[in-house]
Each structure stands twice: as C-alpha cells, then as structure tokens.
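Residues per chain, in single letters:
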Amino acid sequence: MSILRAVLAVPEAIVLLALPPLLLSVIAKTKAKFSGRVGPPWLQPYFDLYKLIQKTPVYSRTTTWVFRTGPIVNLAALLTAATLIPVLSSDSLLGFSGDIILVAYLFALGRMFTVLAAMDTGSSFEGMGASREVTFGTMSEPALFLSFVVLAVATKSLQLSQMMGSGLAAEWQVAAPALVLVVGALLIVLLAETCRVPVDDPATHLELTMIHEVMALDHSGPEFAVITYAAALKFVLLGSILLHTAIPHPPSLYFLGPMLRMVELAALACLVGIIESMTARLRLNRVPMLLAGATVLSSIAVVLVLTGRMA
Amino acid sequence: MMSQSIIDAALILVVLLNLAMLATSRLARCVRIFAMQSLLLAALPLLLELQHTRALGLHPVAIAFGAAALKVIVIPWVLLRVLRTGEIHREVEPMIGFTASMLLGSLIVIACFAFGHRLVLPVKPQSDLLLSVSMATVLNGLLILVSRVKAITQVVGFLIVENGVFIFGLLLLEQTPVLVELGILLDLFVAVFIMGIVVYHIRREFDHMDTNLLDALKES
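Protein chains in written order, with the numbering used here: chain A, 1 to 311; chain B, 312 to 531.
Hints were generated in silico from the structure; no laboratory data involved. Please note: incorrect hints may appear among the correct ones.
Selected chain A positions facing chain B (Cβ under 10 Å, derived; list incomplete) [as the list claims (entries may be wrong)]:
(1) 176
(2) 181
(3) 257
(4) 258
(5) 277
(6) 279
(7) 282
(8) 286
(9) 292
(10) 297
(11) 299
(12) 300
(13) 302
(14) 303
(15) 306
Label-pair distances were calculated between CB atoms; the ranges are [as the list claims (entries may be wrong)]:
(16) A:51 <-> B:343: 45 to 51 Å
(17) A:41 <-> B:354: 47 to 53 Å
(18) A:284 <-> B:354: 34 to 40 Å
(19) A:286 <-> B:430: 35 to 41 Å
From the three backbone atoms N, C-alpha and C, an ideal C-beta is built for every residue, glycine too.
Model the full assembly from the supplied sequences, consistent with the hints where possible.
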C-alpha cells in the first residue's frame, strides 16, 4: 500500500462513514415523490440518530450481555467488511487474496449476532423475526456466493477489489450475458439483505409481517441508533458490490471515479425507492421463490462463464 | 460479433422464460410467457441470417413470420379464450411446488449446458448455446407436462416442447425445406386447436379439468 493510497483513504473513509444515512433519506424522498408528498427533510436520518444517541437505553430484565453486544458486533463486522469491499474508489483499503470469503462470513457474523440479540429478549415476536431472518438469509447467501464465483472465474482472482472494478471492464466485452444475470441476482440479494420492499417492508409496524424491524423492537436509545446506522451501512456495502459489478470504472478516471460512484449510489437508492413505490410486498411464502430465482440466475451465470472458459 | 451477443442474450432469455413459466401460479401468465418466448424464437431465424451478412432470403422470413403469427397471436388467443369462456379457476395447481419445480428446472438447464458442448453435430452451430438451450427447453417443457395437473398447462407444456424442437430446427435452417417447417407449424396449430376444444368440453362435462381424474371410470 503506497503512502498516497493511505492519505487518500482518510477522506474516503470520512465520506463512507457519513454517507449511509443520506442514502436512506434519498430512498425516503423518492417514495415521497411517488406518493405526492414532500417527504422528511434531507438530514432527518442524522437528526434521528442524534436523538437516539442522547436517550438512555432501557433493558429488559430477561436480557443478558448478548442483547447488548448484538448491535455492536453487527456494526463492527460491517465496518470491517467496509475495509475489504471497494466502495468509492475501485481498490479496497486492506484487500488480500481470498477476502471474499471473509466478507461473506462477516455479513454472516453480523446477522448471527443480530439474531442472537433478538432471541435473547425471550419475546415470541422477535423469535419469529429471527427465524425469518435466518431462513431468508440462508436462501440469499447461495446467490451471493455464486455471484462471487462468476466474478472470480471471470477475472481469475479471489480478491474483491480485483474481481470488480477495472478488472471486470474487459469481461463485459466477452461474458456480458453472464454478468447481466449476476447483476440481476445481486440486485435481488441487495433488496433481501437490506430488507427493502419485495421482501420486507421497513415502514410497517405490524410485528407479523416484518422481518428485520421486528428483531430491533426491544432495542432502544444508542443501540437502536447503531442498528439503524448498520442497516444503512449494509445498504452502501452491498450496493457498491452491485455497482462495481454493473458499471466497472476504467482506472483512467482517477479522482472522478469516486465522485461518479457517489452519484451512482444515490441513483441506486433512487431505484430502490422506485421499486418500493411500484411493487407490493410479496406474500411471506412467495419470498423463497424470489430468492431461489436469484440463486437460479447466478447459477446459470456460473454455467455460462464456465462453459465459455472451456470452449 | 454484435449480432452474436444479441443471439446469445435472446437464447438465455428463452431459458429464463422457461424457468419463469415453472414459477408462475397464474394460467393466463403462463400463456403470455409462452407468447413472449415464441416472439423471441421467431426473431431468431432473422438474427441468424443477418449474422451471415447477406440479403435476407425468403426462407427465414417465411419461418419467422409464420411462427410469429401462429405462436405469438393465434395460439395464445385460442388458449386465453378457453380460459375466459371455460370459467376455469385461474391457478396452476402443480404437483411439485413452485420453488421445487423451478430448482429442478434450473438443474435441468445446468445439466443441458454441461452436456450441450460435448455433442458432435454434422454442421457447426451458429451459436454455442443453441443446442444446450434447445435441450433445456424440451426437457423443461416435459417437466411442465408431467408436473402440472390441469389440462391447459399440459397444452402449454406441449407448446414449450415444440419451441425447443423449433430451436433445434434452427441448427438446420438452411437444409430444411420451407414446406416442412410450415407443415410442422400447421400441425401444431391443429393440435392446439383440438386440445383447446377438448379442454373446453372436459370442463363442460365434468366441471373441472383435472387430468388425474381422467382414469376414473365415472365421476364420483
């Protein structure tokens, strides 16, 4: 890692840490536009986080230390993943060969602790939410892994920052059909993992229909702020995996690349807002269908890439 | 090169439509998916011909328009009319669940892609995917045929099988006389027409069209 890269990483990290809540408000604004409302102010997510941080947390007497560590471990896992995933510039800070597996398991670790914290409350609602989260998680993980396999085979690398970005630009000339399928699969994974509409509705407050929100019901104060922030950060991370695959920037862009990436992230948030406004939430027993669809898309992409290599 | 990737994209879309068909729960949507798939297939002979960069012959144009007129307009119209007038319950009623049949279908697709490259053909195919996609479509059609209860989904499954055969026929586009191809299309039309009438009458006589009950001697 050169010194220049280390210096440049500081502003990038600041932007990366400050950006996630803003994307939440891009989604909220898009949805408001569609339903003819003005929507909350742009900085509302930041105000909410500030308000939550100042509150005193309330703990139920049935909870143990697991309940308190859950949100923190989740955020820590995602922040670690953020150093491995190329977000704004197309090389990551600490990437090494084989880091895709670490990234996938960091996501899994975060999920595991969220689920444990939810189950620790002893509430049947949260147990239900935890069960759903794990069920849908096991279904979206194969899609994510198979998409990684496609990228790894196409670029012959096991390092996320080399698998995506400029290394992939040449592959779009050769293996475009497979990559389009991967982008489709990653979009479904993004919607499922960040609990957006076709899978889960973040706005609803009926415990019976929620997945992710229901697990956070008992968290309050700063811990709830951590959960909200971690959810937004997860959107940024998965969103940049999607964007780096869909629109690989050539390295000749230099400083323009990260700027462009920010605009693209905002556009992606807009797209998610549009999808949320135009589609209804799927019935719970149809969700596995959607996720299996993502797995099928990426597995066909794997076959296409592999047979393309052999021929 | 450009038209090559368009052909590949169209063939992959055909496979995805097969899987979408296995996943839908509405009969009418099944018919529309079939119409979409047929439209893509009707465009294929033209694309394959354009790849040779010479003037369009009569043969591919006749095939394309014949297939489009029949399989995109007439057959879906007949089937949708049967659905409407037969007062058929609009759900598919699979014997294997939707998710399971879609996963089964994708296993078939993967197997076909794995084997498609190894088969030796007398002529060099225009696209490497052509053979695999045709096999996958035929087998997915068979899966729909055997795993769905309703008579009308069996008609759709039969049509999907025919679509697969049509893709296979594209391999031999230059060798087959146009009359043979149009004859196949005519046969297909007659078959669907008769099946439409039969489905309608099964519905009229027995108030359902569950093919599992056809082997019982009398209605209980």
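Verification of the supplied hints:
| no. | hint | in the structure |
| --- | --- | --- |
| 1 | 176 | 6 Å, holds |
| 2 | 181 | 7 Å, holds |
| 3 | 257 | 27 Å, violated |
| 4 | 258 | 31 Å, violated |
| 5 | 277 | 23 Å, violated |
| 6 | 279 | 16 Å, violated |
| 7 | 282 | 12 Å, violated |
| 8 | 286 | 8 Å, holds |
| 9 | 292 | 5 Å, holds |
| 10 | 297 | 8 Å, holds |
| 11 | 299 | 6 Å, holds |
| 12 | 300 | 6 Å, holds |
| 13 | 302 | 8 Å, holds |
| 14 | 303 | 4 Å, holds |
| 15 | 306 | 8 Å, holds |
| 16 | A:51 <-> B:343: 45 to 51 Å | 50 Å, holds |
| 17 | A:41 <-> B:354: 47 to 53 Å | 50 Å, holds |
| 18 | A:284 <-> B:354: 34 to 40 Å | 39 Å, holds |
| 19 | A:286 <-> B:430: 35 to 41 Å | 37 Å, holds |
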